[in-house]
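S.K.: Letter by letter, the chains look like this.
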Amino acid sequence: MAPNFPLNTHFEELLKNIQPPVARIKTAQRLPRLVRDYIKASQTFLTITPHTRLAGSYAQNMVVGEVKDVDTLVRVSGNPETNEPEAKQLIRDLKGLLDGLPAYLGYEGYAETQIEVERARRSIHVYFKDEDFHLDFVPCIAPDGFKNLLYVPDRDFNEWIASHPIGYITLLNKLNKKYGKKVKPLGKLLKHFRNHQMKNRKPKSYWLGALLLYHVQTGNLNMDACLGVLFRDLLDEIHYQYDHLLWTSDTATPNIPDPVLNHNISWNWSRTHFKTFMSRIDEGRQWATEALDAGDRDEAITYWQKIFGEEYFPSEVETVVSNLANAACPGKSLVSSTGLILPSQPASGLYTTTQPTKFHGIEQV
Amino acid sequence: MGLSKFEYSQLRPTANLAIQNLHILYRFPGFTYRRERGAGVWRGTLQPRPLSQKYRVAVSYKLCSCPTVKVIAPILLPKTPHLWGDGTLCLFYPKESPWKRDMLIATTILPWTALWLYYYELWLDTGKWLGPSSHSADRHLQGGYANPAEDNEEIS
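First to last, the protein sequences are chains H and U. With the first sequence counted from 1, adding 1 to any position gets you this note's numbering. With the second sequence counted from 1, adding 161 to any position gets you this note's numbering.
The hints are simulated quantities; they were obtained by calculation from the structure and are not laboratory data. Keep in mind it's a predicted model, so treat the numbers as computed, not measured. Mixed in with the good hints, there may be bad ones.
Covered, in the sense of this in silico footprint (three residues per stretch, anywhere, with C-beta under 8 angstroms from a C-beta of chain U), are these stretches of chain H [unchecked claim]:
1) 135 to 147
2) 179 to 191
3) 227 to 240
4) 286 to 300
Capping the alpha-carbon separation at 20 angstroms, the derived lysine-lysine pairs in PhoX-like fashion look like this [claimed, not checked]:
5) Lys205(H) - Lys130(H)
6) Lys223(U) - Lys261(U)
7) Lys256(U) - Lys359(H)
8) Lys223(U) - Lys185(H)
9) Lys359(H) - Lys17(H)
10) Lys96(H) - Lys130(H)
11) Lys200(H) - Lys276(H)
12) Lys240(U) - Lys27(H)
13) Lys69(H) - Lys276(H)
14) Lys333(H) - Lys240(U)
15) Lys69(H) - Lys185(H)
16) Lys69(H) - Lys130(H)
Every residue, glycine too, gets a C-beta built ideally from N, C-alpha and C.
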């Protein structure tokens, strides 16, 4: 059933409010580039063309709030089957290279401590303290390039593990295009919901992304609906998908399948963290249902604010709406073949210029 | 002696149902066409904003009358403004700018329907109709029908 108040302008403003600040986006563009140039130029740690590539939330254009970190793949040659180069050693070698980063960037003396370089299980973590910015460099053997199946080293197992990070991005982009660019906004709402409702015990962004794509792909969501309905339905689907685990076992946690490779990506989700997540999902879906069923606009807004935060979901959108109304003026605006109203002519596609009219009839009672 | 106004109007070319259909399917290829009780009826969905739901609408047109448009789904909120008495959309003020038989539904009625839905959503967000409105003192039109002389059969 359609909501009484879809509040599309409010949702558009919410999406703007959870976008990363411009300064952080600029940092996210600047810092990885510096390090990627350094890696590419190295004569001791050899990479192969195209050397590096962005991955993760930033590359997916799925960041909400602060951009805290950026992931970069680093392509090396090797054979994952014979563990050449040795996975553990390769991580050590990349760490050795990145230890030279502060000097390369001109950090000297005390300033050197402003860049921390640490080994992680499958990557090297570089933290720019003075900018509070994290970078992860993930070495990989990519036999057929970054866009295909590749292998990342696992330090603990000392072996190369199959991964397909760009496959996930490609699938996300494809579904987003197929469903009228609603998939990414929906994913951003889910991530913001997690960030706002959970200060700790947060599930990983990749798990949320996998859940999103699963429900979109299996047709569990009616993608013709407005964003508020889609969000409630997504929480409902997650709830019904995993709720039984809470009642049938004291230890079970979900096996979330990788959207591309299908293996279980949530194998290390602890039971307590899973239970916390499910509680938040249950609360969220009930509040969202209240918001969608509300017979009063203010009541609907209050429930959405409980879900997303008052500072993000606006109470009042008069000014924005007034601008939107002016931009759509009949006689100036255009309409696409699907009914989308646009203030100006896009670069390509068939659009019909609207002709002037005045809507007749009884004004609001 | 010249032609009377009526005679002159009869000389205007008519966009018959076939021509209307051609233009609609070109500009709005998602729509489908059927002949129903002597009228041409086009059904399809329109999504006025990127995050909107899709609205299923039906356009009904008999030659020599005004096209009418109804939102089939979702159900419009009670007290929605700019509707005729039968629930069809008030897309223009017939006395100011009457429907002419050479006009194309594809370049008038359907774009106006998308605009109507756009302003309807803004009305849902604020309680104010912010699209251009025509409010004549003509009370016969208010709450009336687009085609008062006809029996206004339900489209679904």
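S.K.: Evaluate each hint against the coordinates.
M.R.: Do the hints match the structure? See the list:
no., hint, verdict
1, 135 to 147, "violated (count 0)"
2, 179 to 191, "holds (count 4)"
3, 227 to 240, "holds (count 3)"
4, 286 to 300, "violated (count 1)"
5, Lys205(H) - Lys130(H), "violated, 23 angstroms"
6, Lys223(U) - Lys261(U), "holds, 12 angstroms"
7, Lys256(U) - Lys359(H), "holds, 11 angstroms"
8, Lys223(U) - Lys185(H), "violated, 43 angstroms"
9, Lys359(H) - Lys17(H), "violated, 32 angstroms"
10, Lys96(H) - Lys130(H), "holds, 18 angstroms"
11, Lys200(H) - Lys276(H), "holds, 14 angstroms"
12, Lys240(U) - Lys27(H), "violated, 48 angstroms"
13, Lys69(H) - Lys276(H), "violated, 26 angstroms"
14, Lys333(H) - Lys240(U), "violated, 28 angstroms"
15, Lys69(H) - Lys185(H), "holds, 19 angstroms"
16, Lys69(H) - Lys130(H), "holds, 12 angstroms"
Hint compliance for this structure: hints 1, 4, 5, 8, 9, 12, 13 and 14 are not met, and every other hint is.
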